[in-house]
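**Student:** Residue numbers (this note's numbering), protein chains in the order written: chain A, 63 to 267; chain B, 63 to 267; chain C, 63 to 267; chain D, 63 to 267.
The hints are simulated quantities; they were obtained by calculation from the structure and are not laboratory data.
Treat each hint with caution, since some may be false.
Pairs count within a copy or across copies, as identical chains cannot be separated in the list.
No more than 30 Å apart at the CA atoms, straight line, and that leaves these computed lysine-lysine pairs for BS3-like [unchecked claim]:
id, residue 1, residue 2
1, K77, K199
2, K237, K267
3, K77, K195
4, K70, K199
5, K70, K95
6, K77, K112
7, K70, K112
8, K267, K159
9, K183, K237
10, K112, K95
11, K113, K70
12, K113, K199
13, K179, K98
Protein chains: 4
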Amino acid sequence: MYPPSIQKLIDLFSKFPTIGPRTAARFVFYLMKISKEEIEELINSISNLKKTVKICSCCFNPFEGEGELCSICADSSRDKTLLCVIEKETDLFTLEKTKKYKGLYFILGGTVSKFKKEDIKKLRVDELIERIKNPQKFGIEISKFEEIILAINPTTEGEATILYLQRKLKPLGIKITRLGRGLPVGGELEYADEQTLGSAFEGRK
Amino acid sequence: MYPPSIQKLIDLFSKFPTIGPRTAARFVFYLMKISKEEIEELINSISNLKKTVKICSCCFNPFEGEGELCSICADSSRDKTLLCVIEKETDLFTLEKTKKYKGLYFILGGTVSKFKKEDIKKLRVDELIERIKNPQKFGIEISKFEEIILAINPTTEGEATILYLQRKLKPLGIKITRLGRGLPVGGELEYADEQTLGSAFEGRK
Amino acid sequence: MYPPSIQKLIDLFSKFPTIGPRTAARFVFYLMKISKEEIEELINSISNLKKTVKICSCCFNPFEGEGELCSICADSSRDKTLLCVIEKETDLFTLEKTKKYKGLYFILGGTVSKFKKEDIKKLRVDELIERIKNPQKFGIEISKFEEIILAINPTTEGEATILYLQRKLKPLGIKITRLGRGLPVGGELEYADEQTLGSAFEGRK
Amino acid sequence: MYPPSIQKLIDLFSKFPTIGPRTAARFVFYLMKISKEEIEELINSISNLKKTVKICSCCFNPFEGEGELCSICADSSRDKTLLCVIEKETDLFTLEKTKKYKGLYFILGGTVSKFKKEDIKKLRVDELIERIKNPQKFGIEISKFEEIILAINPTTEGEATILYLQRKLKPLGIKITRLGRGLPVGGELEYADEQTLGSAFEGRK
Numbered sequence: 063m064y065p066p067s068i069q070k071l072i073d074l075f076s077k078f079p080t081i082g083p084r085t086a087a088r089f090v091f092y093l094m095k096i097s098k099e100e101i102e103e104l105i106n107s108i109s110n111l112k113k114t115v116k117i118c119s120c121c122f123n124p125f126e127g128e129g130e131l132c133s134i135c136a137d138s139s140r141d142k143t144l145l146c147v148i149e150k151e152t153d154l155f156t157l158e159k160t161k162k163y164k165g166l167y168f169i170l171g172g173t174v175s176k177f178k179k180e181d182i183k184k185l186r187v188d189e190l191i192e193r194i195k196n197p198q199k200f201g202i203e204i205s206k207f208e209e210i211i212l213a214i215n216p217t218t219e220g221e222a223t224i225l226y227l228q229r230k231l232k233p234l235g236i237k238i239t240r241l242g243r244g245l246p247v248g249g250e251l252e253y254a255d256e257q258t259l260g261s262a263f264e265g266r267k
Numbered sequence: 063m064y065p066p067s068i069q070k071l072i073d074l075f076s077k078f079p080t081i082g083p084r085t086a087a088r089f090v091f092y093l094m095k096i097s098k099e100e101i102e103e104l105i106n107s108i109s110n111l112k113k114t115v116k117i118c119s120c121c122f123n124p125f126e127g128e129g130e131l132c133s134i135c136a137d138s139s140r141d142k143t144l145l146c147v148i149e150k151e152t153d154l155f156t157l158e159k160t161k162k163y164k165g166l167y168f169i170l171g172g173t174v175s176k177f178k179k180e181d182i183k184k185l186r187v188d189e190l191i192e193r194i195k196n197p198q199k200f201g202i203e204i205s206k207f208e209e210i211i212l213a214i215n216p217t218t219e220g221e222a223t224i225l226y227l228q229r230k231l232k233p234l235g236i237k238i239t240r241l242g243r244g245l246p247v248g249g250e251l252e253y254a255d256e257q258t259l260g261s262a263f264e265g266r267k
Numbered sequence: 063m064y065p066p067s068i069q070k071l072i073d074l075f076s077k078f079p080t081i082g083p084r085t086a087a088r089f090v091f092y093l094m095k096i097s098k099e100e101i102e103e104l105i106n107s108i109s110n111l112k113k114t115v116k117i118c119s120c121c122f123n124p125f126e127g128e129g130e131l132c133s134i135c136a137d138s139s140r141d142k143t144l145l146c147v148i149e150k151e152t153d154l155f156t157l158e159k160t161k162k163y164k165g166l167y168f169i170l171g172g173t174v175s176k177f178k179k180e181d182i183k184k185l186r187v188d189e190l191i192e193r194i195k196n197p198q199k200f201g202i203e204i205s206k207f208e209e210i211i212l213a214i215n216p217t218t219e220g221e222a223t224i225l226y227l228q229r230k231l232k233p234l235g236i237k238i239t240r241l242g243r244g245l246p247v248g249g250e251l252e253y254a255d256e257q258t259l260g261s262a263f264e265g266r267k
Numbered sequence: 063m064y065p066p067s068i069q070k071l072i073d074l075f076s077k078f079p080t081i082g083p084r085t086a087a088r089f090v091f092y093l094m095k096i097s098k099e100e101i102e103e104l105i106n107s108i109s110n111l112k113k114t115v116k117i118c119s120c121c122f123n124p125f126e127g128e129g130e131l132c133s134i135c136a137d138s139s140r141d142k143t144l145l146c147v148i149e150k151e152t153d154l155f156t157l158e159k160t161k162k163y164k165g166l167y168f169i170l171g172g173t174v175s176k177f178k179k180e181d182i183k184k185l186r187v188d189e190l191i192e193r194i195k196n197p198q199k200f201g202i203e204i205s206k207f208e209e210i211i212l213a214i215n216p217t218t219e220g221e222a223t224i225l226y227l228q229r230k231l232k233p234l235g236i237k238i239t240r241l242g243r244g245l246p247v248g249g250e251l252e253y254a255d256e257q258t259l260g261s262a263f264e265g266r267k
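In isolation and in its complexed conformation, chain A is listed as follows (with noise of 0.2 Å):
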């Protein structure tokens, strides 16, 4: 019912993570309101997008500038004997602003329902093998990683992906951690499953 080419951007808009055809049709109609000059900025800003930020070789972290390594990667004050491995790049953001962890990340790239073949592929397991067996090779100056923290959700499909992780990782013979289960800040005892609050329990200080 809209015309072709307000439907053919809402069919495009449609694809971004989070987002139905009602809240692209809405997207539409901001783009058909705001100037052209804000048009040129944003479809600059998406073109030069892929130009610009390149991918870290050692933590497929984008950043832009100099080198193969990302601004974290390439920070002498980090912790390069701590791995963090994380599902996706506003992960690493998030964990960063909490300012309590100073070692290196990995992005898995995403997490697996089941061990299906073709979905694991997606994840970046080898990559990440690769990387702890020899640090040096991606730029990273250490012998041997001391800790390997699996910081992924513990929701269904992440815990799926922890299992399968420390099945591989195992015979690397480095330390697997995962993120502490609890109560949330604001959490109530009483509307917390059993087994977050054995967590909470056996997690106490």
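Following the hints, position chains B, C and D against chain A.
**Tutor:** Structure of chains B, C and D alone, referenced to chain A:
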């Protein structure tokens, strides 16, 4: 913390309706993952939007094609004595899907919470009055509208806007109606406010 | 795990509408905290309920006082030609608060999801037909109702019940109406289903 | 508007935790529908509650049976060197279900939002200190507790209460812990606050 060209695009997407910085970041990482061809397609679609799409000189509905009028205003089978005033473009789409209305539309361009001059200026109130006074001047071949339907949301802002429009349109001497209020499909008496229930009673049939 | 007399009371409270075992447990611990006098008061109120409260012989509304009719059915200022069929007692209270209705009520006692004999038996359909056929027999001094309003929720179950009642009451030759559907106060076109919007359009005024 | 004896009972049920007048009304109409025998059973259960159930002289847990101590405090297989301070009775039930804790409990009786004298008086702080100082006096055959676990919700109120208890209990020279904070089962990094994530990192294992 994000590289400048990523942060720039996050900022631009954050201006999109309903989008915060977190979702905006996910949009950027989505764009980094898709192919060059898909990026091209998106950029071309955005870029063509303002070139291809025209705004109907009568109802402000975006359209493609010949002439000054959109397909609804130009459709000889529509009842041109009915004018339905709506807030935004997507509402037109929503109402057309019901197939219960066969008249014309007018896109007001927003609602106001208070009767501030600056807020009201953003609405197309003068344009609406012009079209009601002289539909032929805008390509609608009737001598007079017989009913103006204010299909504005019965929210606080919508009610204020309806009140304002009723006052402004009254001197034109045309029947002005608003959408019937009542219980929506799936609604329950128990949770309905008194005004909704009262309207549902009055509108029984 | 709770002591038997606490568990017993949790089980009894769990049968109360909308109450699960967790809230039921909180009720019991609340009762353990309040004074003996307050417990007495509660027990007496529950115990007196069935002794003091009568059921109106016409509309099935609970009431206290002399005679066979509740205060609404006995009120000479109410419009006795209107009969409003409602699902449950609290709906009567909800509708009275709107002050938009001055007729009589009839409490159906539930709704049905399917037209199963056993389900329909639980509703007071026969009693309703009796009262419509012969209101004088039940103390209502009119010769005939002029309108039967089916004020049943427009939910799936409610719609099935309305359909059933329409079919059953049609042979009586009295005007049968139902509550107007439309957008509730605070509702938005964008999130309304097509049927609700269609009704809102048809019911405009 | 309801008859007095119904309104009276609505008022009494409205004092029950989490119950408003609407649900209270549904309770009353529920009671009007059930049999005399069921009413009797409910009244007897409420009436017997205070007669049958005792409060444990050590932990304030309600119990039935011989002696001064509840079944947990009297159970020789529990680890009596651990004392877990909880807000309310139902929390004990919730924690027991996890089967992760084998020590004793103490029911504090609430939480405080501010350190107002009147608010703090409602908590069993003095009773807690007494029991920690001299467990044998309350029937617990140990010379000293080894750990006091403050299993209070990490909500704003709970945190204030934990802070207050930590300050009051510190002079007793016993190890004081609190439940581990972290991501709950099913939680996502993306939606966790920085403090929860920081705790999850510190509590990794």
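**Student:** Can you give me the call for K112 and K95, within, between, both or neither, at a CA distance of at most 30 Å?
**Tutor:** both (27 Å within a copy, 9 Å between copies)
**Student:** Since the copies are identical, ignore which copy is meant and state whether K237 and K267 lie within 30 Å (CA to CA) inside a copy, between copies, both or neither.
**Tutor:** both (22 Å within a copy, 9 Å between copies)
**Student:** Reference check for the pair K77 and K112, CA-CA at most 30 Å: within, between, both, or neither?
**Tutor:** both (19 Å within a copy, 21 Å between copies)
**Student:** For K179 and K98, with the copy left unspecified, which applies at a CA distance of at most 30 Å: within, between, both, or neither?
**Tutor:** Between. Shortest inter-copy distance 27 Å satisfies the 30 Å Cα cut-off; intra-copy 47 Å does not.
**Student:** For K113 vs K199, is the C-alpha pair at or below 30 Å within one copy, between two copies, both, or neither?
**Tutor:** Result: close within a single copy only, 25 Å intra versus 51 Å inter.
**Student:** State whether the alpha carbon distance between K77 and K199 is at most 30 Å within one copy, between copies, both, or neither.
**Tutor:** neither (37 Å within a copy, 42 Å between copies)
**Student:** Treating 30 Å as the Cα threshold, decide for K267 and K159: within, between, both or neither.
**Tutor:** both (24 Å within a copy, 21 Å between copies)
**Student:** Under a CA distance limit of 30 Å, which applies to K77 and K195: within one copy, between copies, both, or neither?
**Tutor:** Neither: 37 Å inside a chain and 44 Å across chains, both beyond 30 Å.
**Student:** If the cutoff is 30 Å on CA atoms, where do K70 and K112 land: within, between, both or neither? Let me know, please.
**Tutor:** both (23 Å within a copy, 13 Å between copies)
**Student:** Which holds for K70 with K95 at a C-alpha limit of 30 Å: within a copy, between copies, both or neither?
**Tutor:** Classified as both: same-chain Cα gap 18 Å, cross-chain 20 Å, threshold 30 Å.
**Student:** How would you classify K183 and K237 at a CA-CA limit of 30 Å: within, between, both, or neither?
**Tutor:** Classified as within: same-chain Cα gap 24 Å, cross-chain 49 Å, threshold 30 Å.
**Student:** At 30 Å max between alpha carbons, let me know whether K113 reaches K70 within a copy, between copies, both or neither.
**Tutor:** Both ways: K113 and K70 sit 25 Å apart in one copy and 14 Å across, limit 30 Å.
Violated hints, in rising order: 1, 3, 4; the structure is consistent with all others.
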